[in-house]
Amino acid sequence: MAAPCPLPPPDPQFVLRGTQSPVHALHFCEGRQAQGHPLLFSGSQSGLVHIWSLQMRRALTTLDGHGGQCVTWLQTLPQGHQLLSQGRDLKLCLWDLAEGRNAVVDSVPLESVGFCRSSILVQGQPRWMLAVPGKGSNEVQILEMPSKTSVCTLKPEADAKLGMPMCLRLWQADCSPRPLLLAGYEDGSVALWDVSEQKVCSRIACHEEPVMDLDFDSQKAKGISGSAGKALAVWRLDGQQALQVCGTHQLTNPGIAEVTIRPDRKILATAGWDHRIRVFHWRKMQPLAVLAFHSAAIQCVAFAADGLLAAGSKDQRISLWSLYPRA
Amino acid sequence: MAVFDTPEEAFGVLRPVCVQLTKTQTVENVEHLQTRLQAVSDSALQELQQYILFPLRFTLKTPGPKRERLIQSVVECLTFVLSSTCVKEQELLQELFSELSACLYSPSSQKPAAVSEELKLAVIQGLSTLMHSAYGDIILTFYEPSILPRLGFAVSLLLGLAEQEKSKQIKIAALKCLQVLLLQCECQDHPRSLDELEQKQLGDLFASFLPGISTTLTRVITGDFKQGHSIVVSSLKIFYKTVSFIMADEQLKRISKVQAKSAVEHRVAELMVHREADWVKNTGDKLTILIKKIIECVSVHPHWKVRLELVELVEDLLLKCSQSLVESAGPLLKALVGLVNDESPEVQAQCNKVLRHFADQKVVVGNKALADILSESLHSLATSLPRLMTSQDDQGKFSTLSLLLGYLKLLGPKINFVLNSVAHLQRLSKALIQVLELDVADIKIVEERRWNSDDLNASPKTSATQPWNHIQRRYFRFFTDERIFMLLRQVCQLLGYYGNLYLLVDHFMELYRQSVVYRKQAAMILNELVTGAAGLEVEDLHEKHIKTNPEELREIVTSILEEYTSQENWYLVTCIETEEMGEELMMEHPGLQAITSGEHTSQVTSFLAFSKPSPIVCSMNSNIWQICIQLEGIGQFAYALGKDFCLLLMSTLYPVLEKAGDQTLLISQVATSTMMDICHACGYDSLQHLINQNSDYLVNGISLNLRHLALHPHTPKVLEVMLRNSDANLLPLVADVVQDVLATLDQFYDKRAASFVSVLHALLAALAQWFPDTGNLRHLHEQSLGEEGSHLNQRPATLENSTTAEDIEQFLLNYLKEKDVADGNVSDFDNEEEEQPVPPKVEENDTHPDVEPPLPLQIQMAMDVMERCIHLLSDKNLQIRLKVLDVLDLCVVVLHSHKNQLLPLAHRAWPSLVHRLTRDAPLAVLRAFKVLRTLGSKCGDFLRSRFCKDVLPKLAGSLVTQAPISARAGPVYSHTLAFKLQLAVLQGLGPLCERLDLGEGDLNKVADACLIYLSAKQPVKLQEAARSVFLHLMKVDPDSTWFLLIELYCPTQFTPPHPSLHPVQLRGASRQQNPYMANVLRLLKELQ
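Just so you know, the sequences run in chain order A and B. Just so we're aligned: the first sequence equals residues 53 to 379 in this note's numbering. Just so we're aligned: the second sequence equals residues 54 to 1141 in this note's numbering.
Pulled out of the complex, with its shape left as it was, chain A reads as follows (with noise of 0.2 Å):
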């Protein structure tokens, strides 16, 4: 994948502009909804969720829920028209996309104003699982959607003095039918937590700053996190459900804003508060290329399906890059 001789990094394929605002959360969807025509949303400090044509390039529609408060965290529901919007007003809105509607159907108060966002587990259609930050400071809350029904609160020992959790990550093995939620905490540590039993399975101190994203992949059991720091930490998880430090990744700037593996596992791409984006190959780890474009720190990025690279800066821009098309 690598050519021997580094070619120069490439430009943006394109860059959306418009949102009038710093961007905070990206989100493809190629649900059936998007008929061939992928869909990208993007949350915007103003509280604006823009929807955005891939075709042609531009918004098609701007939804207006949070007050003018920040959306942080965005997620569609598997069949395509229903989308998640987590804003720091404390609401968590269910919009109804299908046919050309855009309403909210439902919202879900949250009880934490801090920057973690939130994550979703499908189980079976139509139930799914919704991981938030809960009450107190260091909790998480698993719902049952769409019922909204409590199922427990997660929180670490009393002397555990991990902070507040800063991301979620639910999933599933394969083998076993037991949610699992990944969560990384303010202290640099991330955590396993069995879900059905309420415990922490297995914590590993892997950053000296608060972790701001993880990312996981379940069938290498591997999973990566990126700190407030220098450092990206590679971890995984062994029969025994025990967190293992691979490896550490340092960087020559401070800060990762998400981390984030492409669908197909081959590469990842870490979106760096020192305004650039960082490719990487996700089995050897290895630099692949760095993406300088933006003029101020990226907060997010996200890859499509089809490996389409999107990446929202405070410069207000949204940079689109083909990398490693296959063919």
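No incorrect hints appear here.
Quick list of simulated restraints, FRET-style, between CB atoms:
{"hint": "1", "chain 1": "B", "residue 1": "V626", "chain 2": "A", "residue 2": "V156", "range": "54 to 60 Å"}
{"hint": "2", "chain 1": "A", "residue 1": "S105", "chain 2": "B", "residue 2": "S927", "range": "45 to 51 Å"}
{"hint": "3", "chain 1": "A", "residue 1": "A294", "chain 2": "B", "residue 2": "E920", "range": "55 to 61 Å"}
{"hint": "4", "chain 1": "B", "residue 1": "G736", "chain 2": "A", "residue 2": "S347", "range": "33 to 39 Å"}
{"hint": "5", "chain 1": "A", "residue 1": "S105", "chain 2": "B", "residue 2": "S612", "range": "18 to 24 Å"}
{"hint": "6", "chain 1": "B", "residue 1": "E920", "chain 2": "A", "residue 2": "V156", "range": "43 to 49 Å"}
{"hint": "7", "chain 1": "A", "residue 1": "S105", "chain 2": "B", "residue 2": "E605", "range": "20 to 26 Å"}
{"hint": "8", "chain 1": "A", "residue 1": "K318", "chain 2": "B", "residue 2": "V626", "range": "41 to 47 Å"}
{"hint": "9", "chain 1": "A", "residue 1": "D158", "chain 2": "B", "residue 2": "E920", "range": "49 to 55 Å"}
Just so you know, the hints here were simulated from the structure itself, not pulled from any lab data. These numbers were taken from a predicted model, which means no experiment stands behind them. For every residue, glycine included, the Cβ atom is placed at its ideal position computed from N, Cα and C.
Since the structure of chain A is already known, use the hints to place chain B on it.
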């Protein structure tokens, strides 16, 4: 006149005249009879027909020489009788026929007798009337074999008349008569159509005349165009009617092999023709020769009715004689196809109708379907096309291409049979490419530059809906006739419409890539192929044809566009970079530095003006055309795709806009009209709308290309064009790109400053226009009023003529009070209120002094730009310095309302500006002075001390030293830079002094420097400007100005109002002839 209804009455009246006529055969008697006849009713006449005819026929039959006049009147009278009656007996018919024909018989020669034209006409009409008057079936019995010799005689007689007579009337009459004789009359009087047997008999009879009729008529038809179209039309009609009757397949297939023994005498039997196979073949061959001749001649006949008749001919012959005339089928069809594109709509319509009719019939000619014949013809035409295109003249090319077009139209989707053959496609494309070669020797195209930068304001409403109506006129190497070009376009469009578009596009794209020699032509063809494929203008003869689907068409267009706008096809050298070279030339011009020298009219002469059309020019010219064709293509694609084109805007609009900003006039014009086409296709009202709505695409292109400026040197131009053609709504969208531009400028200060400065200029000009400052407007208004200087309202009391003692007293008191105030003893304020300066406009931003609200975007931008200007002011390139001064000027205007931001920047810019004002080239001084004036009007206080210290002495000094030169100079002086500089300074000083509120000492400096210019020896314009300075000074300090002027020239002696006062002695009073007189007097008048 009485009408005699009963035969008895009529007989009574007619008998005497008939008897009289029989006795003495004179014209008078015949006329007498005819007048009587007119009073007789038709029925009565019918009864008496034989009786009346007798004396007339008797007259004709009387042997011996007869006077022509008599015969004529007899024939006319006979005609009259026949027209009102029927001939009911076969014998009478035959006899009358023979008697009438004999009137023109001259026994001595084969030709018609040499008789008067009137007689000929009368006889022809008589014959014609006779044939019409034959009653019912009588007419058929008339055509029996025994009549053959007499009929033959009449036919040849009439043919002779039609061919050889001079009179058009006779010719037409003869032809009409012939038509009647051959039973092809079109009038209503012939009651029934013939049955098969009758047709066959008649056919057998007429077959004898066929050679004569066909050859003679062919001679008439192919005769001089000048003989009039009606003769040719009639001849054509008789020709095809006769031929199609005699050679009708229907009849021929019934002819038995052996000739039936007929019961006619031997002599007549010899004349009879048996139409068996051999005869048909021979006759067919001979007719083919004649038909070819006719087609050749008639298809180019200037009159459309003739060509229309040809269409009828083809239809008739092909429908009725497809077997017998199998050899002629080819030429006939070809004629028809050639007329499909006739210039006359009637002919076209008829052609199409006939062709459609043929297409509906399965078999057309000789067991072959029309389509087969046509594709064979197309094959052979394609084969010979390249040769024809090189060898033929314009007219020949026109008809060949018309023919090609016709084949394409008729074949419709079936042209793919031809296109699928590689050899034929190659031949076809070779011919097209060859004939479309452009003449690129025109030097003007390379030279014409776009100076006027804001010409993109045209509205698309004015442009036509079809892109090719405003296509650029172009010149071809191998033809000049515009119609040929139109035909070629139609040919290509039809190919695109019916042909396999993928195949064709691939083929021509290949040619496009293959060689620069083919590129332009291939692009033209591709453009038309796509237009045709959309099928918007094509009239379809084949209703069932399915058009290329829009999705596919868009894909094809996308791939063509990619090729068009690729680096190597879009960024061609179209000019020697005159801009840059021009600037360097300017730099090296030493003469420009001298402020006093009179020769500053140096201009950058075009390099190209000196050169002959060199290979370089030709290739640049060719490049320009290529770009234009590609641009036009984009317009056509937009037209073809309509709203679907919107999806391509993201990749297309940027390159088009880039070309709209091109230096070459032609390119920018074509690009503009392309944008108009795009507006039209995608439903935008105006270019502005188009740009605004798609600014996101454009901005994206700009920002990405700025990252590789070396590769995309024209990027700043696009932003420039955008800014020029948009409005304030654009600003937030381009904000980040402006930042990118500035950042890039910071990287490339040395290399590419020129193009960036012009973007900055466009940006600031746009800002100044989009955010007009109300205060600024008010100020400008005042300034203009001030410069006119006509209204001075502060009139000092001292100057009134009737000065009384009280006035003087009051003045003295006021003076003392003011002196008191000046000394600091401020006791009351009521007098000061007027002097309070106008309170500065309350700025909204200052309401919260603690929290600095974010600055408006335009202010932030202007600040960023001004920052750069400070650095660029000292650029070594004069052109850049001048541009930067303009930008600076605009920055000041925009920042005017934000003093807190403006003043620090102005402070930093000041030293550099002073440098421009005092030590730069005159052009720069001029611009710098303009900036100074703007700056003075915006922030007076800030500038006062700086101006007085750094600039005023220098300016005053230069005015003083320059004055004697301008005083001596001739009329040419007003064209020099030095003059312009003087004028600008004089015009600007007044408002500046007023705005800056200069102190007395500085005002004196200004006044001293300007006084000299009040002299009548100075050029008039300078005097005017100097007067304006004093008008401003009067506003600031009227008294001292008055005194100064009086010192210069005093018109009146001042007598003291009271004898106790000393008389005033003024220096100005002493001089009699004074050069300052006129101006001082005018100024004093203003003061009063």
